[in-house]
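For reference, the chains in residue letters:
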Amino acid sequence: MKRSASIVGVLTAAVLLAAPAPAAAKTEIHFWHAMGGQLGEATNELVRQFNQSQAEHEVKALNKGTYPEVLTAAIAAYRQKNPPHIVQVFDVGTQTMLLSGAVYPIFQLTREQEIAIDWNDFIKPVTGYYSKDGNLYSMPFNSSSPILYVNRDAFKKAGLPDRPPATWREVGEASKKILAAGAAKCGFTTSWPSWTMLENTFPWHDQPFATNANGYTGLDTTLLINGEFGVKHIGQLAAWQKEGVFSYGGRMGQPDPKFINGDCAMLVQSSAVIGGFKKSLKFEWGTGQLPHWGPPYRKQNTVVGGATLWVMKGQKASDYPGVARFMKFLAEPHQQMWWHVTTGYLPITHSAIKNLETGHHFKKNPEQWTALSQLTAKPTPNSLGHRLGNFVQIREAIEGELENIFAGTKTAKQGLDDAVAKGNEILKEFAASNKP
Amino acid sequence: MAADGAVAASARVEALGGAATMRRRWSLGWGAFVVHALLLLSVAVIAFPLYYAFVISTQTLQEVITRPPILRPSTNLLPNYVEAWTRSHMTRLLWNSGVVAVVSAVGKVTISMLSAFAIVYFNFRGKSLAFWLIFVTLMLPVEVRIMATYEVIGNLGWLDSYAGLTVPLMASATATFLFRQFYRTVPNELVEAAQLDGVGPLRFLWAFLLPLSWANIAALFVVLFIYGWNQYLWPLMITNTEAMRVVVIGLEDLIPRTGTHIPEWNVLMAAAMMALLPPVAVIVVMQRWFVKGLIETEK
Amino acid sequence: MKRAVFKNRRLPYLLVLPQLAVTLAFFFWPAFESLRLSFFRTSPFGDKRLFIGLDNFRKLVVDPEYYRSILNSFVFASGVTALALGTGLFVAALATQKVRGLAMYRAAVLWPYGIAPPVAGIIFLFIFHPSYGVLPYWLSFVTAYEFNWLLKGWVAMALVVVATAWTHVGYNIAFFLAGLLAIPASVLEAASVDGAGPVRRFRSIVFPLLSPITFYLLVVNMIFAFFGAFGVIHAVTQGGPSRATEIMVFKAYKDGFIGLNLGSSAAQSVVLMVVVIVLTALQFRFVEKRVTY
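Chains as they are written, first to last, in our numbering: chain P, 1 to 436; chain U, 1 to 299; chain L, 1 to 293.
Please keep in mind that the hints were generated in silico from the structure rather than gathered at the bench.
For every residue, glycine included, the Cβ atom is placed at its ideal position computed from N, Cα and C.
Careful, some of the hints might be misleading.
Which residues of chain P face chain L? A few of them, derived with a C-beta cut under 10 angstroms, are [to be verified]:
| no. | residue |
| --- | --- |
| 1 | 101 |
| 2 | 390 |
| 3 | 409 |
| 4 | 422 |
| 5 | 424 |
Let the sequences and hints guide you as you build the complete structure.
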């Protein structure tokens, strides 16, 4: 952390000293994002490199708060006819953006600006999530997938083999041994509960999350998470919560500390925290794929989370060539690799992955390969992604009910039924407000 | 609410020689020792969160997450504060917060003083309408009407400007209400005497009312300064450049919400210290006038 | 009492103009906009808009979560008010006793008022942190009960109440201090001669004399907790777990700002504004008539 900050500092200083006085006629490109802290610094560094690489355009990056705050701010600005050129929107905002009529689809932008980006070079689970009718609408930026983190010291202490559990059954058994040996206070916890335990666990088992191919083929979508599979999985978590095998730790990244300070021996969390863990974990740790229930369920692929960059309509036509060039810059293998190595987000082009392989990056950093290994299968309609309107509210409804279930005030079936009822209500509202 | 009673009480305070001086209160059955002990306990309870935040801001990240928690200041103060200061461009943030707090406080005091003066010392057509239009806004939550307010500011071309940051904060009637309450306690004789001497309304306001209301103005300034300094959502919405950001936003910037890196609580607390020092200093420095002015104005 | 007034045709209008302009632009215009929006179903970007009459309100009336948020608001506001007022009165009463170093004590209890709710939220977030927090750590020695505010609604509610009350207690102390200092010493001395003990003196003489201020603070604290105490909840619990700390203002904010359901959020804003207006009007009726002491 300290070092990268000082490197950034030196680079800045070098740029300031070396760069000639800026040419007067640079077009300014505004880029709003939600990357705080170290991620913000990495984002700024990418922007700096782009600005340095050419003389016509200047990208101005600004952190506009949390993901929802960024989206709302962009909407307000669009309605004022002064939107940012580029806005970072999280995965769950995709449907809202697609139907807004306010975006300049990335495939169209690059075509019209005659900027060649080879979209086939992007890995399928990523482009699938953000494409409509086979065309990519937004530029994948920070992508990640949930994986299992394991405290290897705790495993050793409990006399367990030094490999991550592959199935949920093994997770349960390992946890119980860890508890019995006093190697940790809880077996495992999970960050982003809806995202890891439902939004990813369903496609990972090739189970439908919602009707209409998870919302891809129509607006009159309803949720399917209260079926047999959902009740089985969440019911098991609830049972484990009672036994101390699982310990609910809140939403977003709030549960991470339970793993960091050794309270929980395992954690399901985004692959994007690898960078942070490398700096801060004081014990031996490893990663494994998101646990699976095994047969009769097929092992499919997980979906990507994170956010993409949307280009907004409503700015001067003369600004968009610069926007397109910035997008191309971000898609280049060098930037892809730098971003991946610096932040832990996934490299998402085949060429970047190949380059990293040639450099034995994944041999040296096997944990970086874990999430990618979950994305290699060819997606089915169940695992392409989720295209739900008002997804933010749906996730909110789901996580609220999960909390009821884990607190023991509702059974898994009741809680999921209520989540589905509430979610369907929200979906209906969205469908109604998007009829022309 | 009991404005008149309270103001009458404050007149008595004046007569007794000022609010902050010590006088003989009801004779004590409690021993001074008990009082001291309870006061110290109160101070300890009230001050603990701040003390602990300060302690965290002096520790290394490793010390921060150690169990049992370490409750003593450590040696990492300087690196944390330097890190917080440089990473969030603290100079600029503090400056902007200061501008927003001072301008919005001064602006609100000024326009409130004028409109309260008009309402108390003039009869004019539409007075009661004006009165109700203003006073119905006595309390208004900014967060729930933020989108619409944003559009007004956009139409005025005030996005990303100090005007946009400060003027909407002046849209509340509390200060007007307090000035009105105060003016009504000013004896009629004073106005009549002034009029006999041929003093015009503006001169009366400037030379007679203003000197009488310093304590109120001071108390109001404290309240409004803090209100302006502590804004978060509004500045976040309407600022589009780093150069216009305020310190509370800079602070939230340091809270990792995406859940993708380890919270640096020590740096965060160091930044929190910087963000809370100015308003707390304002209170401590102006404490005397604050308490005195409160009783005269009630807010 | 008839007030002496100045005579001038144009000046009063000029004097109220700035305030009126600001009020119209930043209160009435947005309020009107919210009112209008509350009759529509709107897509997030505002490009598609359908008039649906009172549908948004009708949905609120049948929404159990809305009732939950009303209940939460009352619990939250009562909790904050009781805690902040009780502590405020207690500390202020102590700080008017005849002991040395009062000025320092007063300074030492007033300042929390200067701390921004989001900042207070961050500090309490850490103190209550399930893994690092000092409070759960201490409590674990006292009781085996796990104070997990991430899962237990009432613990979360207690947390935001304490944090919010903390930011507001300095304000109350200031008022009570001022009120206590205004009570003539002679009254108390007379009571003391009659042989009344300190507690009885406080109950039968001091407290009644303080009642106007207490009433004022009651209203202000309630309103503050109802509408103003947004920052702490935003920074700490985000309304959770499972909506246990979702108060009305936060729900309106979340549905509109985060959920982008602008119509419903506008309807909730309208309800809130009606509440504000009614509260204000009541307060005025009360204030204008009441002259105690």
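Status of each hint after checking the structure:
A hinted interface residue such as residue 101 of chain P counts as satisfied when its beta carbon comes closer than 10 angstroms to some beta carbon of chain L; here the least separation is about 5 angstroms, so the hint holds. Checking residue 390 of chain P against chain L by beta carbon gives a least distance of about 6 angstroms; that is within 10 angstroms, so the hint holds. The interface hint given for residue 409 of chain P holds, since its Cβ lies 8 angstroms from the closest Cβ of chain L, which is under the 10 angstroms cut-off. Against a cut-off of 10 angstroms between C-beta atoms, the interface hint on residue 422 of chain P holds, since the closest Cβ of chain L lies about 8 angstroms away.
A least Cβ separation of about 14 angstroms between residue 424 of chain P and chain L goes past the 10 angstroms threshold, and the interface hint is therefore violated.
Violated hint: 5 only; the structure is consistent with all others.
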